[in-house]
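Residue numbers (our numbering), protein chains in the order written: chain U, 29 to 425; chain A, 29 to 425; chain W, 29 to 425.
It does not matter which identical chain is used: a pair holds within one copy or between any two.
Listed next, the in silico SDA-like pairs over lysine to any residue satisfying Cα-Cα at most 20 Å (straight line): (1) K84 to G114; (2) K84 to S180; (3) K84 to G424; (4) K380 to A167; (5) K84 to K421.
Since the hints were derived computationally from the structure, they do not count as laboratory data.
All values reported here derive from a predicted model rather than from experimental measurement.
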Amino acid sequence: MELKKQIEQLFKAESENGLFGRDFLLTWKKSESDLRMVLEVADILKQMREQNISPKVYDSGLAVSIFRDNSTRTRFSYASAANLLGMEVQDMDEEKSQIAHGETVRETANMISFLTDFIGIRDDMYLGEGNKYMREVGAALNEGFEKGVLPSRPGIVNLQCDIDHPTQSMADLLHLKKEFGSLEALRGKKMVMSWAYSPSYGKPLSVPQGIIGLMSRFGMDITLAHPEGYGLIPEIVDIAKHNSRNSAGNFKITHSMEDAVKDADIVYPKSWAPFHIMQQRTALLKTGDKAGLNALEQTCLAENGKFKNWEYTETMKKLTKNQDALYMHCLPADISGVSCNEGEVNADVFEKYRIKTYHEAGFKPYIIAAMMFTNKFEHPAQALKEILERVNKRFGV
Amino acid sequence: MELKKQIEQLFKAESENGLFGRDFLLTWKKSESDLRMVLEVADILKQMREQNISPKVYDSGLAVSIFRDNSTRTRFSYASAANLLGMEVQDMDEEKSQIAHGETVRETANMISFLTDFIGIRDDMYLGEGNKYMREVGAALNEGFEKGVLPSRPGIVNLQCDIDHPTQSMADLLHLKKEFGSLEALRGKKMVMSWAYSPSYGKPLSVPQGIIGLMSRFGMDITLAHPEGYGLIPEIVDIAKHNSRNSAGNFKITHSMEDAVKDADIVYPKSWAPFHIMQQRTALLKTGDKAGLNALEQTCLAENGKFKNWEYTETMKKLTKNQDALYMHCLPADISGVSCNEGEVNADVFEKYRIKTYHEAGFKPYIIAAMMFTNKFEHPAQALKEILERVNKRFGV
Amino acid sequence: MELKKQIEQLFKAESENGLFGRDFLLTWKKSESDLRMVLEVADILKQMREQNISPKVYDSGLAVSIFRDNSTRTRFSYASAANLLGMEVQDMDEEKSQIAHGETVRETANMISFLTDFIGIRDDMYLGEGNKYMREVGAALNEGFEKGVLPSRPGIVNLQCDIDHPTQSMADLLHLKKEFGSLEALRGKKMVMSWAYSPSYGKPLSVPQGIIGLMSRFGMDITLAHPEGYGLIPEIVDIAKHNSRNSAGNFKITHSMEDAVKDADIVYPKSWAPFHIMQQRTALLKTGDKAGLNALEQTCLAENGKFKNWEYTETMKKLTKNQDALYMHCLPADISGVSCNEGEVNADVFEKYRIKTYHEAGFKPYIIAAMMFTNKFEHPAQALKEILERVNKRFGV
Numbered sequence: 029m030e031l032k033k034q035i036e037q038l039f040k041a042e043s044e045n046g047l048f049g050r051d052f053l054l055t056w057k058k059s060e061s062d063l064r065m066v067l068e069v070a071d072i073l074k075q076m077r078e079q080n081i082s083p084k085v086y087d088s089g090l091a092v093s094i095f096r097d098n099s100t101r102t103r104f105s106y107a108s109a110a111n112l113l114g115m116e117v118q119d120m121d122e123e124k125s126q127i128a129h130g131e132t133v134r135e136t137a138n139m140i141s142f143l144t145d146f147i148g149i150r151d152d153m154y155l156g157e158g159n160k161y162m163r164e165v166g167a168a169l170n171e172g173f174e175k176g177v178l179p180s181r182p183g184i185v186n187l188q189c190d191i192d193h194p195t196q197s198m199a200d201l202l203h204l205k206k207e208f209g210s211l212e213a214l215r216g217k218k219m220v221m222s223w224a225y226s227p228s229y230g231k232p233l234s235v236p237q238g239i240i241g242l243m244s245r246f247g248m249d250i251t252l253a254h255p256e257g258y259g260l261i262p263e264i265v266d267i268a269k270h271n272s273r274n275s276a277g278n279f280k281i282t283h284s285m286e287d288a289v290k291d292a293d294i295v296y297p298k299s300w301a302p303f304h305i306m307q308q309r310t311a312l313l314k315t316g317d318k319a320g321l322n323a324l325e326q327t328c329l330a331e332n333g334k335f336k337n338w339e340y341t342e343t344m345k346k347l348t349k350n351q352d353a354l355y356m357h358c359l360p361a362d363i364s365g366v367s368c369n370e371g372e373v374n375a376d377v378f379e380k381y382r383i384k385t386y387h388e389a390g391f392k393p394y395i396i397a398a399m400m401f402t403n404k405f406e407h408p409a410q411a412l413k414e415i416l417e418r419v420n421k422r423f424g425v
Numbered sequence: 029m030e031l032k033k034q035i036e037q038l039f040k041a042e043s044e045n046g047l048f049g050r051d052f053l054l055t056w057k058k059s060e061s062d063l064r065m066v067l068e069v070a071d072i073l074k075q076m077r078e079q080n081i082s083p084k085v086y087d088s089g090l091a092v093s094i095f096r097d098n099s100t101r102t103r104f105s106y107a108s109a110a111n112l113l114g115m116e117v118q119d120m121d122e123e124k125s126q127i128a129h130g131e132t133v134r135e136t137a138n139m140i141s142f143l144t145d146f147i148g149i150r151d152d153m154y155l156g157e158g159n160k161y162m163r164e165v166g167a168a169l170n171e172g173f174e175k176g177v178l179p180s181r182p183g184i185v186n187l188q189c190d191i192d193h194p195t196q197s198m199a200d201l202l203h204l205k206k207e208f209g210s211l212e213a214l215r216g217k218k219m220v221m222s223w224a225y226s227p228s229y230g231k232p233l234s235v236p237q238g239i240i241g242l243m244s245r246f247g248m249d250i251t252l253a254h255p256e257g258y259g260l261i262p263e264i265v266d267i268a269k270h271n272s273r274n275s276a277g278n279f280k281i282t283h284s285m286e287d288a289v290k291d292a293d294i295v296y297p298k299s300w301a302p303f304h305i306m307q308q309r310t311a312l313l314k315t316g317d318k319a320g321l322n323a324l325e326q327t328c329l330a331e332n333g334k335f336k337n338w339e340y341t342e343t344m345k346k347l348t349k350n351q352d353a354l355y356m357h358c359l360p361a362d363i364s365g366v367s368c369n370e371g372e373v374n375a376d377v378f379e380k381y382r383i384k385t386y387h388e389a390g391f392k393p394y395i396i397a398a399m400m401f402t403n404k405f406e407h408p409a410q411a412l413k414e415i416l417e418r419v420n421k422r423f424g425v
Numbered sequence: 029m030e031l032k033k034q035i036e037q038l039f040k041a042e043s044e045n046g047l048f049g050r051d052f053l054l055t056w057k058k059s060e061s062d063l064r065m066v067l068e069v070a071d072i073l074k075q076m077r078e079q080n081i082s083p084k085v086y087d088s089g090l091a092v093s094i095f096r097d098n099s100t101r102t103r104f105s106y107a108s109a110a111n112l113l114g115m116e117v118q119d120m121d122e123e124k125s126q127i128a129h130g131e132t133v134r135e136t137a138n139m140i141s142f143l144t145d146f147i148g149i150r151d152d153m154y155l156g157e158g159n160k161y162m163r164e165v166g167a168a169l170n171e172g173f174e175k176g177v178l179p180s181r182p183g184i185v186n187l188q189c190d191i192d193h194p195t196q197s198m199a200d201l202l203h204l205k206k207e208f209g210s211l212e213a214l215r216g217k218k219m220v221m222s223w224a225y226s227p228s229y230g231k232p233l234s235v236p237q238g239i240i241g242l243m244s245r246f247g248m249d250i251t252l253a254h255p256e257g258y259g260l261i262p263e264i265v266d267i268a269k270h271n272s273r274n275s276a277g278n279f280k281i282t283h284s285m286e287d288a289v290k291d292a293d294i295v296y297p298k299s300w301a302p303f304h305i306m307q308q309r310t311a312l313l314k315t316g317d318k319a320g321l322n323a324l325e326q327t328c329l330a331e332n333g334k335f336k337n338w339e340y341t342e343t344m345k346k347l348t349k350n351q352d353a354l355y356m357h358c359l360p361a362d363i364s365g366v367s368c369n370e371g372e373v374n375a376d377v378f379e380k381y382r383i384k385t386y387h388e389a390g391f392k393p394y395i396i397a398a399m400m401f402t403n404k405f406e407h408p409a410q411a412l413k414e415i416l417e418r419v420n421k422r423f424g425v
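Just chain U, with the same shape it has in the complex (with noise of 0.2 Å):
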């Protein structure tokens, strides 16, 4: 039986789950094999679901969600995992507008856990301050766990800050992963990340940082391409051409789409706002000044205005491996005539890998909850083993 050989393997490439009781934020903090339990873990429990297997381990419980930015996958992906897992979702409503800190934030955190088991934070709208309100979060919830407070410690899991997107970028990986047949068969493999055109602004860095930083581990020849002035957080490219080297791969950065696609196993075509626009848009933010904000919207969207050919078209295409590279986007793609005028991609080229897209974010569920079972379990592999072993239907009587 597929699915018990694949417990088992895992059992034995099992060394140390350096997951185990630690905060999912950032991959690159992440170890190698880690990174790899996580995908095999969500593999498996993916597998389960499919095949009327509960993978429920806990029996009540709150996995709380705090979004700071409205959000339809990425919440129905963390309720979905919670669901699977046997705990319920509690939205907690943050005013959206606010930069908590200090006081407010060591005390709400501890309210909201005396019986939670997880929280999800999506918290990307201003440079510096997502992944630090997460650290934050972590903190106090060290804390009142220290102290007898809170019975044990909940798991964070970022959902998105300014830095990382790891629940979007796994997902990602295991999509690959799926579509090249191994991590190993990714070796070599082109990827493009590149800076596409949209007629919205601001737009976060978290998702082209998350995969330059991820896909970077595995050996992988990628692409970083932009217009001039759209670069990322200087500190996450350092990171990527680190791991690029770690992992004998290949990193490089590039002003042109044309140039980056050619010969390109995998083209993922996305729009961001430059990084010195995001910082000038947090200062502003920050002092609340609204006709400096929108001064800023305007002249972002004219200089955007300029790259309208940063989009992914049947030439752009006709320019990879086989003409055939692998489309990617999180979701949702700025479609040419179907979501707007002009955007990211061509309407016939995306409809060509449209289903793809699907199956790249049907992983997301899975990933979250692995990330779920990777923290509160020790020994994931065995913990698997037991509910392959318990025979628990998912639906039925």
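Model the placement of chains A and W on the given structure of chain U, informed by the hints.
Only chains A and W this time, still in chain U's reference frame:
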């Protein structure tokens, strides 16, 4: 034991479950035996709940709700049904004013369904839109399931559209079955679906349409009463006529409430907006013409004001069979002198049947649960038998 | 085994459960033995949770929450309690500004209760309204249950009304029991419920009223301190006086924080609006007089400003027993220099007891769960014994 016998009888009656794997959108697209099965399963589930027998069949799973209109009772009915069977409700907040189509629907339907078993949709505001939207969601789910994106095809439950309100009409039918003893006992009974005056405007057509479309299936003597110009969608009236002929019942339209209620066994007095007004309203909503909408509302309210005598009063009640026709309403009713100055029903008359309207409403959660149950179990009677035998308590240690 | 013994002792103490089938609205309507039982059951449930024993007793079921005021900690406490016992929370969003009565309450209470086990209500904004509303809901549920509309009578938990805040005061009492070793040890202890300055306006009276109404049951030496004109509802003060006499305790009122805290064992400094202001506010709210409300707020804030010296400072603390009275607060506190410029408590003093206030808050979910448990189990000790014996893990395979 009553419940055991009832399940055994369902076993014998069970020939082919035409509901298995199919959305429940319109009662007139379902066979009579399928409708009978829903009623029977709902009744059994209700008794199980009352006898502290848990019919939980999901160890995990999401039931998504999409409400484009405010709702309390349908929302709670859906949540109760999902919870009874073991699913967690996850609300999907669509912008109310937006008519979503095409790419957005196709993508979103899949994004919220990776671990979803049911989607309940209420979309009754735009003529020609609600039911269409549900079918679009259904088509997207079909594609997702066929292409392997979704592990199973979530079922859709119509929680009210522009055409039908099947969870309401089926709850009403179960109420009638209980009040009169059997579906057979309804044959020849005179039921009046009557327009009634309300100071509010634009109430949907789906309740009266749902009632005449369903009750005409069981040989009843249906009278649809409304002032001239307050007609329903002609195609639905035709369906009711056709059903009446097929079931050897009777169907007529009259423009006098007094004439209608004479010797009636059942009276369902309820306000709705005229079809042609709803058409104009939909057109104005599509163009976002607020001034036009405002003007239309004023015209319509003035027009309504001519028919304040369409109130179900003590005098009207005296005209009915034994001066005691069963009063029905989907609630909340516009009660004269209670919830408004002049409304659909006289306060004393309402009070006499108030508790019966609560019982009527109380069937809805079980009707929804039965729609879910028959969608997912090919052999519902067998599943119910096993639930009865396994004796899981709903409450207790 | 500690837990086993504790349950056995509860068994012996258990005479008659006066909480069975009754709403928990006001602590002073409950017998002392019933209050002790809630504390004991809460303590046992907390230990079970900490020892990974699941006290889940519902296989399905809804716990409805009605909040007419924003809330984070009470909302999470209620959700946690419901989840722990196996119920799913379903929020009922009433319009905040609306005082619902009569037909609407009667009908809605039934419509949301067909499969509901508990309704938790927070309605503290209007004097003379919150508790009344809860009793109206209760009467409607009684009728629904008696007439066979509801399969069982949902219990009501008062999550804060205009008069009492029993889940808070009972959590505070359990905290005191733990801090001082037993309820008996509280006898003769000096507890000060003191008004304190806050830059905000209109804080409800229910916390101080709840505290003096409950703590006076156990022979404590209660001092209520506030500036002249900042009195509580006279009837509740009378109840506290009466309780004190009955329990051989002491109760006095003073208009000086300094006098009050001398030799105090426990100090609970918290702002509230004067009773007579709340009366005027309620009258203005009922007529929707925004200008009047605004004017009242300005007057009240100006009046408050005269009492900025009612801050619990290091100097005040030095006056207390061993210069170390237990500081209590329902949180969030107005901390001078932290959450406001000038507030209820000095930052250093608060910091010293901060973790203790977290522990204090941590009892609330279990108090609510215990209120639910004792409402539904006629013999709570027996049920707890069976839970202990069946050994269901809360988390694990």
